[in-house]
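Below, each chain spelled out in residue letters.
There are 2 protein chains.
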Amino acid sequence: MMNEITPLERRADGGPGPIRRTALHDTLVSHLRDMIIEGDLSPGTRLHEGQLGEQLGVSRTPLREAIKYLASEGLVELVPSRGAVVKRFSAKDVHDMLTVLQTLEELAGRLACDAASDAGIAEVRALHDEMVRRYKIGDRLQYYKLNQQIHSAIVQLAENAALADMHGVLQTRLKRIRFIGHEGPEKWAAAVAEHDEMIVALEARDKVKLSEVLGRHLMNAWERVRASV
Amino acid sequence: MMNEITPLERRADGGPGPIRRTALHDTLVSHLRDMIIEGDLSPGTRLHEGQLGEQLGVSRTPLREAIKYLASEGLVELVPSRGAVVKRFSAKDVHDMLTVLQTLEELAGRLACDAASDAGIAEVRALHDEMVRRYKIGDRLQYYKLNQQIHSAIVQLAENAALADMHGVLQTRLKRIRFIGHEGPEKWAAAVAEHDEMIVALEARDKVKLSEVLGRHLMNAWERVRASV
DNA sequence: ACAGAAAATGCTGCATACAGAATACAAAAG
DNA sequence: CTTTTGTATTCTGTATGCAGCATTTTCTGT
Numbered sequence: 100m101m102n103e104i105t106p107l108e109r110r111a112d113g114g115p116g117p118i119r120r121t122a123l124h125d126t127l128v129s130h131l132r133d134m135i136i137e138g139d140l141s142p143g144t145r146l147h148e149g150q151l152g153e154q155l156g157v158s159r160t161p162l163r164e165a166i167k168y169l170a171s172e173g174l175v176e177l178v179p180s181r182g183a184v185v186k187r188f189s190a191k192d193v194h195d196m197l198t199v200l201q202t203l204e205e206l207a208g209r210l211a212c213d214a215a216s217d218a219g220i221a222e223v224r225a226l227h228d229e230m231v232r233r234y235k236i237g238d239r240l241q242y243y244k245l246n247q248q249i250h251s252a253i254v255q256l257a258e259n260a261a262l263a264d265m266h267g268v269l270q271t272r273l274k275r276i277r278f279i280g281h282e283g284p285e286k287w288a289a290a291v292a293e294h295d296e297m298i299v300a301l302e303a304r305d306k307v308k309l310s311e312v313l314g315r316h317l318m319n320a321w322e323r324v325r326a327s328v
Numbered sequence: 100m101m102n103e104i105t106p107l108e109r110r111a112d113g114g115p116g117p118i119r120r121t122a123l124h125d126t127l128v129s130h131l132r133d134m135i136i137e138g139d140l141s142p143g144t145r146l147h148e149g150q151l152g153e154q155l156g157v158s159r160t161p162l163r164e165a166i167k168y169l170a171s172e173g174l175v176e177l178v179p180s181r182g183a184v185v186k187r188f189s190a191k192d193v194h195d196m197l198t199v200l201q202t203l204e205e206l207a208g209r210l211a212c213d214a215a216s217d218a219g220i221a222e223v224r225a226l227h228d229e230m231v232r233r234y235k236i237g238d239r240l241q242y243y244k245l246n247q248q249i250h251s252a253i254v255q256l257a258e259n260a261a262l263a264d265m266h267g268v269l270q271t272r273l274k275r276i277r278f279i280g281h282e283g284p285e286k287w288a289a290a291v292a293e294h295d296e297m298i299v300a301l302e303a304r305d306k307v308k309l310s311e312v313l314g315r316h317l318m319n320a321w322e323r324v325r326a327s328v
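So the sequences go chain by chain: U and E.
Going by our numbering, the first sequence opens with residue 100, and the numbers climb by one from there.
Going by our numbering, the second sequence opens with residue 100, and the numbers climb by one from there.
A portion of the hints provided could be inaccurate.
Just so you know, same-sequence chains aren't split out, so a pair can sit in one copy or run between any two.
[As the list claims (entries may be wrong)] Derived BS3-like pairs (lysine-lysine); straight-line CA-CA distance at most 30 angstroms: (1) Lys274 x Lys186; (2) Lys235 x Lys308; (3) Lys308 x Lys191; (4) Lys235 x Lys306; (5) Lys235 x Lys186; (6) Lys274 x Lys244; (7) Lys186 x Lys286; (8) Lys235 x Lys191.
Please keep in mind that the hints were generated in silico from the structure rather than gathered at the bench.
Since the model is a prediction, treat every value here as computed from it, not as a measurement.
Between the sequences and the hints, there should be enough to build the whole structure, so can you do that?
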C-alpha cells in the first residue's frame, strides 16, 4: 500500500480482447475505493477535487460524481462548502460494524445451507483449500484476500441480493481496518481452524453449526483487530 | 401521491429564522427519494436529466450527483450511456429485503434492551400511543408514518450506527412497497397488537421477547404485502 | 510585539458548453 | 409491405468557467 498515485488507465483504446466500453464512473469509484482501503488516502484526508482530478487525469465533474457515490457508501463524508474527507472510524464504529456483520453472516450461513448448489459449495471448498495453502506458506496478503472472498462467496450462496448488498458495504468499510490487523501465529492458526469448521459445516449443510461458527469467527475477529484500532 | 412535479424551494434567501445554509445536494437527494417513494417516479422510469432538472429548477450537474448518490443507495440503477432508471423490485427482492430487515431488527431489539435510556424508551412509548390513536380514528397515512418512526426509533435505541445505516437503507427501499400495502381491518388489528407486545417487551427490557416479536412482526409484514408485489 | 481587521488566495458549488453515443425517423431496396 | 440503412435528433458524459464561501495572510493600530 501507500502506492504512488497514478493516472487511471482508460482503455477505451485498443488492447486485446473485445473493446470493453468501461464506464468512467465505475472505474473512478473502484479506484478511489481502493485508494481509501489501501491507505493512499488515510482517514481525515481531504479529497481535493482539482489536485486529485489532475493526478488521476479526469476533470472535476466525474470525480465529484464518484465522490458522492462513495459518500452514500459511507467511505467518505461530505462537509458543506468544504468538500469531502475520508471517513474516520472509531473503535466503537468498528465494533458496531462487526456486530452487524456477524448477524448478517449468521443469516447467510442459514440461508446458504438451504439455497446453495453442490457446485457452489465446491467452489467455496476450492477457495478454502487454496487459502489454507497460502496460510501454510505464510502468504499473508493472498490469505487475506481469499479469506474475504470466502466470506463473500458464502453470502453469495445465500441467494439474497439485499443481504449481499448490506454485507458488501460493511465488508468494504471494514477492509481498511482488517487489512491492518496482523494477528500473531497462534491467533492466525485459530482463525484457520474456524474456517475449517466452516467449510465442513457448509458441506454437511448443517445450518446451526455453520451459523454458529460464522458468528464465533466474527466475534473473534474483533479480538484480533481491537488492538489496532 | 402522484403529485405535480414542482420546483424545489431553495430558501437560501430570507425567510424567518436563522439563514439555514441548506446544501442543494442534500435537498435534491431527499426530494428525488421522496418522488421515488411516493410514486411520482415509478419503477422503470428513466430519469431524464435535462427535463427533470428543468422541472426542479436546477442544472444537470448537481442533479447527476444526486442521482449517483441514490444509485449507491440502491434506489436507481445506472445504465451506461443511457442514464438512470428507477429500480424495479421483484417479489423475491422484497422478500429478501424483509428477511434481512427481520434479522437486523431482531438484533436491534436485543441491543436496545441493554443500551436504551429510560427517556429513550419513553419516547418510543409516546410514538406508540400516538400511533394507536391514529389507528383508532382510521388515519392510515399517519399510522403508517408513525409505524416507520417507531421501528427506526427502536433501531436508534440500539446505539449502533452501522446497524442504523443498514436498516435505514432497507427501510427506504421498502417504503415504496409498504406504502402500497393496504391491509384489511383484521390484519391491521393484528399488526397493532404486535406493536403492543413490542412496547411492553421494550419497557420490560426483555431481550428475548422483544427480538421475537420484532421478528414475527416482519414475518407477518411479508404476508401483508406479498399480494401487492 | 501583538491583536484585530481587511484583503487575498484557494477551493467548493453550480451552471453552461461541447463531444460522442444511442435512438428515432425516414427513405430506399428487397 | 417488410426490412434495412443512412441521417437527424436527443440525451448522456465530460470539460470548463464563474460566483461565493472559507481560510490564510498581511496590514494597521495600540
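_Identical-chain pair category, Lys274 with Lys244, by Cα at 30 angstroms_ = within (10 angstroms within a copy, 36 angstroms between copies)
*Is it within, between, both, or neither for Lys235 and Lys308, if the alpha carbons may be no more than 30 angstroms apart?*
within (26 angstroms within a copy, 46 angstroms between copies)
*Using 30 angstroms as the alpha carbon limit, work out where Lys235 and Lys186 are close: within a copy, between copies, both or neither.*
neither (35 angstroms within a copy, 45 angstroms between copies)
_If the cut is 30 angstroms between Cα atoms, do Lys308 and Lys191 qualify within a copy, between copies, both or neither?_
Close inside one copy (28 angstroms) and across copies (26 angstroms); limit 30 angstroms.
*Is it within, between, both, or neither for Lys235 and Lys191, if the alpha carbons may be no more than 30 angstroms apart?*
neither (33 angstroms within a copy, 42 angstroms between copies)
*asked:* If the cut is 30 angstroms between Cα atoms, do Lys235 and Lys306 qualify within a copy, between copies, both or neither?
replied: Within one copy only: 29 angstroms inside a chain, 43 angstroms across chains, cut-off 30 angstroms.
_As a check of your reading, is Lys274 near Lys186 (CA-CA no more than 30 angstroms) within one copy, between copies, both or neither?_
Close inside one copy (13 angstroms) and across copies (28 angstroms); limit 30 angstroms.
*When no copy is specified for Lys186 and Lys286, does a C-alpha distance of 30 angstroms or less occur within a copy, between copies, both, or neither?*
within (29 angstroms within a copy, 44 angstroms between copies)
Going down the numbered hints, you'll see the structure goes against 5, 8, while the others check out.
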